[in-house]
Amino acid sequence: MRTLIRSGGPVLSRRSLAAGAAAGTLLAASGLSADRARAADPLKVGFVYVGPVGDYGWSYQHDQGRLALEADLGDAISTTYVESVPEGADAERVVAQLASGGHGLIFATSFGFMNATLKVAKSFPDVVFEHCTGYKRADNVATYAARFYEGRYVIGVIAGLMTKTNVIGYVGAVPIPEVVRGINAFTQGLRSVNPEATVKVIWVNSWYDPGKEREAAETLVAQGADVLSQHTDSPAPVQVAAEKGLYAFGQATDMSAFGPEAHLTAIVDDWRGYYIERTRAVLDGTWTSGDTWGGLASGMVAISDYNTALPDTVVAAAEAARTGIETGTLHPLAGPLTDQAGTERVAEGEAPDDGALLSMDWFVEGVQGQAPR
Amino acid sequence: MRIRGMRFRVGGPRLEARAERSRAMVYLTPLVAAGLTVMAGAVLFAALGHDPLRALYVFFVAPLTTTFGLSELFVKATPLVLCATGLAVGFRGNVWNIGAEGQLILGAIFAGGLALWAGEAFTDGGGPWLLPGMMVMGILGGMAWAAIPALLRTRFNANEILVSLMLTYVAGFLLGYLVHGPWRDPMGFNFPESALFGDAALLPALVSGTRLHIGALFALAAVAGAWVLLMRSFIGFQIKVVGLAPRAGGYAGFSGARVVWLGLLCGGGLSGLAGMVEVAGPIGQLHTQISPGYGFTAIIVAFLGRLHPLGILLAGLFMALTYLGGDTLQIELGLPRAVTGLFQGMVLFFLLASDVLIHHRVRWSRPPVTASVAPRGETA
Amino acid sequence: MDALAHGDWIIGLGALLVAMIRAATPLALAAIGELVAEKSGVLNLGVEGMMLVGAVAAFATMVASGSLPLAVLAAMLAAMLMALLFGVLTLTLMANQVATGLALTIFGVGLSAFIGKGFIGIPIDGLAPLSVPGLTDIPLLGPVLFGQDVLVYASLALTLAVSLVLYRTRAGLIIRAVGENHAAAHAIGYPVIGIRYLCVLFGGAMAGLAGAYLSLVYTPMWVETMTSGRGWIALALVVFATWKPGRVLLGAYLFGGVTIIQFHAQGAGLAVSPHVLSMLPYLATILVLVLISRDSVKIRLNAPACLGKVFRSET
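Chains as they are written, first to last, in this note's numbering: chain A, 487 to 859; chain B, 1179 to 1558; chain C, 42 to 356.
No wet-lab data here; the hints were simulated from the structure.
Mixed in with the good hints, there may be bad ones.
[To be verified] The following residues of chain B were derived to be distant from chain A, with all beta-carbon distances above 12 Å:
| id | residue |
| --- | --- |
| 1 | 1238 |
| 2 | 1369 |
| 3 | 1461 |
[What the hints assert, rightly or not] To spell it out: a stretch of chain B is covered by chain A in this simulated footprint if at least three of its residues, at any positions, have a beta carbon under 8 Å from a beta carbon of chain A; those stretches are:
| id | region |
| --- | --- |
| 4 | 1206 to 1219 |
| 5 | 1260 to 1268 |
| 6 | 1304 to 1312 |
| 7 | 1489 to 1497 |
[Stated by the list, open to error] Simulated crosslink set (SDA-like; lysine to any residue; CA at most 20 Å straight-line):
| id | chain 1 | residue 1 | chain 2 | residue 2 |
| --- | --- | --- | --- | --- |
| 8 | A | 730 | C | 177 |
| 9 | C | 285 | C | 205 |
| 10 | B | 1418 | C | 205 |
Even glycine gets a Cβ: it sits at the ideal position worked out from N, Cα and C.
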């Protein structure tokens, strides 16, 4: 699709360039590509965040991606973000305002923005949209997400080798397929090395409430968990593990600063590469719609530095799992998969396809706690 | 503890009560507030390294310069005005419903439930009866949720502030339960949202090409209705009497319980309608977050509008503008949400504080020595 | 529950009680302060905003100075400044208290996020719980009585102090008189506005302390809007307590306790939707309020008659 026009709608006003950007650098930057030279303006890239940038989790990591994009592409682009956008009626207005304000590329970074993005995209065929974690696409709407479950399998392996009580605590945000898939992959990794171990899940019904995350983590510890994993944004569960002398895994960012002894590793969301690649594609005119579901191999999901206290054998097992997943020899949710009731859901030698993964709403055997809904 | 020894006003500017409230000031105070806002905004934005005039323009004027901005202003103001109008009925009677948010959610659940049912039960997704039906359901849903604090207050004396607030959280979890479970879209990969409503369940647009829908007219109708009820009817008078002096209301034969019920049901009904308007208007489905706190913001709107329906209409539009302006500041100037929240708070402070001039004038003299005038305790 | 299966249910129960008390402490601290303000007749709905400003002030001071006492002090002072702002608007300029309080929360959310920009992702050494050799290790009672952090004990002491001052001292009598009938209190010669300022400032200081508890002790970190609505719960608890200090503590423990218990039920695999379980603390609070509110005369005596009403004096 080469129908990219830099100023799609009436441009209200141009985002003022930083004071330091002298006319000379501007010229130099516009000479980067022949395509850019014709357009006097840099490409405006908009980001819509569901939380505050200061959540130190989901939105924070997307903003890290935005900053990396600015650093990489310099004056060829300018970026804008709107944070704490509610997923109700406001989302459509914000996306539309970005589109009509001359943004050529807009990243909508929460599932709840899906229908709003689709609606706006229809009215702005010349603007390119990227929606994170959704499943609806259009000619000018691509989707992207990360296979966090691959990383969760790896930390499951570590948990299985580090637990002594064979009870792992898992703080979940809300029971959506993404979280359920992660719990299942974690459990499969866990039980691949330690079939006795089980996972206890507590839902806090919030993505981001340090106090509640702490309370859930403390409860899990009181119920015998000696390794904590989380699918919520704050480092509170890592802090609980650190206080009690137990282990935990970071989520979204490397949280080792909040519990250097306890933090075994973290699954890091790394959107930098994707944002740079897709923006470059728009600049080059090679952007096409599609679905990207990147995992460990693409770098979209990263395993942060291992805790130096981890025994070499554990690191080796984790690295083996990671290499297996990266090279495709190991599928984190390969059959045989049985659910909590003992019914076989995926037969041996098979693996769920992306549709089944996307909509997963049942727990594998080995998970205790309420199945979603 | 020697509280008695304290003297606050030694000299300088001093507030002196007016004998009567100043009609002129009723209309001038917003200008005073605007002046203060411009001054404070200039300092704030200049300190952040931005051209203050441009920032103020972006916040207050830019959203109003396009059809898109204007239509969005009305879309945003509609639920605020609906909730605030209903709340004002209760607030006038000293009924402290602060759970409009929950009542809005219940309205959305009831109306959305009907829309989802019709979408499955009828091949054409329901006929022209569906929207009126959803309106009724929305109002009933909000009323049902507000009836709980009303019942607990009148029967068991339980304070409605707590009950209505706690029920707001319960409503949120109820909505979460429904869209995560029984009501989630069967084709939606188990994500927590319902199916999209059919066309018959969507409010028609007022201006094509915009999101402005006929729900905005509901808000206007609610304002008109509340004006008649509060300013022109005997019921409105009763509410006011009970609100000002419950005992006097009792002597006059006005029932406090009736005012509690009326206040809560009006607030609940209109908040429920607001919920219906949101899901049948800009959202078009049920999902976990259908209101970014309209029910709470509406409390500010109600008081900013001095509990007067027309005042609420203006206050609702103004409040909506501060949200749109906040987004525009982020987009145009790259200011974080923190700054827009700061500024929004400041604007509200100025508006609320400048009201003092309606009842008082500023004097620049020492207080007279013969100060012993009878005190006057008044309600807000 | 698994704790039972392990046979060390006493440890489990002790942990549950400790968790409950700690979860309740920020609620209790903020609610006790708000209670004093309300007793003097001022309804400040800006608790959430004051807590957030307190939390970020505490965290920033801790990062800058490394001193816990200084950080706690900074939290109280910062939140008192917010309370002062509220006081100037509602007491001196006679603005509507409900709307001003809500605006104060909007302002506080923005201000705290603004101040906190540079403090995201920074760890600090939080305040650790006490450990009294011998005593803390006593089963069940040890951790509950001797294994808490200083601010938990402070919340108990402050509740007791507020209760004593309000009901056993002349100052308390004056505060209650001002909240009950400001016109009469003024006629007797009490400086209504001055007293209300002090009570509002006390409310601010306590909200700041509650915020500091979150960012220094409970979850030592700064993330935006980290209070997550606890200021609202604190407001509700004052009503729940029917304006009695002791009951504030009970309400906070009830709320915190039901929250922890529903987590325990989830962890134990109870087959009920987590959404339904999450409703429990709120429903429990309503239920208990209904039970304790039936004596209408008592309630009316406790609720300050002038709550939320503007005092205009002609002096």
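Hint check against the structure, violated hint numbers in rising order: 2, 3, 4, 5, 6, 7 and 10
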